[in-house]
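Can you build the whole structure from these sequences, using the hints too?
Sequence order for the protein chains is A and B. Just so we're aligned, residue 1 is where the first sequence starts under our numbering, counting upward by one. Just so we're aligned, residue 1 is where the second sequence starts under our numbering, counting upward by one.
Honestly, the hints are just simulated from the structure, not real lab data. You may find that some hints are simply not true.
Just some of the chain A residues that point at chain B, by a computed CB distance under 7 Å [unchecked claim]:
1. A15
2. L33
3. K56
4. Y61
5. I64
6. S69
7. C74
8. S78
9. V80
Please read these numbers as outputs of a predicted model, since none were measured by experiment. C-beta: ideal position from N, C-alpha, C; glycine also.
Number of protein chains: 2
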Amino acid sequence: MSDIQSYPSFLLENAVNQFAKLPGIGRKTALRLALHMLKQEKNDVDAFAQSILLLKNEVKYCKICKNISDNDVCQICSDVTRDSGLVCVVETIKEVMLIEHTGQYKGLYHVLGGVISPMDGIRPNDLEIDSLVKRVSEGGVREIVLALSTTMEGDTTAYYISKKLSEFDVTLTTIARGIAVGDELQYADELTLGRSIVNRVPYKN
Amino acid sequence: MSDIQSYPSFLLENAVNQFAKLPGIGRKTALRLALHMLKQEKNDVDAFAQSILLLKNEVKYCKICKNISDNDVCQICSDVTRDSGLVCVVETIKEVMLIEHTGQYKGLYHVLGGVISPMDGIRPNDLEIDSLVKRVSEGGVREIVLALSTTMEGDTTAYYISKKLSEFDVTLTTIARGIAVGDELQYADELTLGRSIVNRVPYKN
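Below you can see the structure in the form of structure tokens.
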């Protein structure tokens with residue numbers, strides 16, 4: 001349907017095409033968003049466009065953990081009350097936000113920017129692995145927590161990092177895999193259930 | 001959850017807030033879209049923002065039918081092969097696109113910009129009704145097809161327009177209401193079914 005749809009204006013068609021490039025936005029939604037924009041006040045449309053341009057052009061990356069930041073060093077890395085000897089390695093800043101949101105972690109982070117994935121052309125050099133190794137080599141890091149996806153790519157990346165860090169006196173840990181809190185055992189997948197038995201922990205009540 | 005979520009960057013938070021203002025976009029999706037933008041090339045982000053600014057700042061409205069257009073007179077109104085004596089009155093440009101897409105209509109349009117809705121503060125003067133009356137008064141229009149929603153607001157608007165046009169020699173029609181093609185009678189609502197019996201048409205096979 002979208003191909004034969006004729007737009008009354010090239011400017012509208014162009015905006016629809018741009019909205020339709022966003023993940024999870026189809027052409028019908030894109031048209032709705034473009035028409036919504038057209039109905040807004042000029043100031044509001046300017047603010048929308050500017051917020052995106054500013055995000056892309058002005059955002060900085062923390063020189064320590066590579067998380068995005070408004071300054072050279074991010075809020076987390078500059079927080080002296082946090083444990084700087086504990087570094088959690090994550091794929092993207094989304095995981096930083098998720099872990100921060102749990103309120104359970106008081107160490108620092110290292111954002112890789114993805115995982116090793118030859119299929120997608122992502123090689124170790126495309127990720128912030130060298131900067132992690134450098135960070136560990138400079139001392140002060142006691143433990144590295146690997147919080148990567150349990151996919152082939154995540155496991156490969158974890159293995160690659162473990163090899164790179166093997167020469168340093170640093171403890172490597174990984175986040176616990178197991179049955180989610182509130183989940184019923186009968187619906188858990190076999191692999192997770194198996195791992196949760198192997199990695200059983202002392203019972204506390 | 002969104003309220004206690006802390007963003008690592010004010011620029012990111014600002015972009016998320018802007019995306020979250022779009023209809024149907026929640027804060028989680030807004031974050032996904034903002035991070036998606038951050039991953040794109042600078043040129044692509046510029047093109048996205050510019051397409052929206054251009055749409056808002058440069059788009060014109062056809063001086064005849066009030067549809068959006070790249071020129072003073074839109075493609076439809078300037079198409080001499082179309083029947084300029086037949087004008088279909090619609091609420092928004094979305095309906096123009098929908099009707100155009102059926103390929104069944106060869107007349108022109110008149111875009112009201114909404115329907116009369118005292119609850120939302122939309123009065124006749126806020127709509128392109130005077131311009132419709134002027135268009136009819138200038139002659140050349142044989143038939144006005146009202147293609148408005150079957151809501152109280154749509155019916156009120158249709159009634160208001162019919163009164164305004166009563167002094168002119170123009171036929172007023174409305175699009176047929178009935179059982180949708182492919183629909184089963186048992187699932188049709190009573191009102192539609194009732195109207196479809198009253199407005200029955202000769203059987204053709």
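Status of each hint after checking the structure:
The beta carbon of A15(A) comes within 4 Å of a beta carbon in chain B, closer than 7 Å, and the hint placing it at the interface holds. Interface restraint check for L33(A): the shortest CB-CB distance to chain B comes to about 6 Å, inside 7 Å, so the restraint holds. For K56(A), the interface hint holds, since its Cβ comes within 7 Å of a Cβ in chain B; the closest pair sits about 4 Å apart. Of the supplied interface hints, the one on Y61(A) is violated, with its beta-carbon coming no nearer than about 10 Å to a beta-carbon of chain B, more than 7 Å.
Violation of the interface hint for I64(A) is found here, the shortest Cβ-Cβ separation to chain B being roughly 13 Å, above the 7 Å cut-off. Here the hint on S69(A) is kept, as its CB sits about 6 Å from the closest CB of chain B, short of 7 Å. Hint status for C74(A): holds, given a least beta-carbon distance of 6 Å to chain B, under 7 Å. Annotation: S78(A) was flagged as interfacial toward chain B, and the flag is violated, the nearest CB pair being 12 Å apart, outside 7 Å.
With its C-beta approaching chain B no nearer than about 18 Å, V80(A) sits outside the 7 Å limit, and its interface hint is violated.
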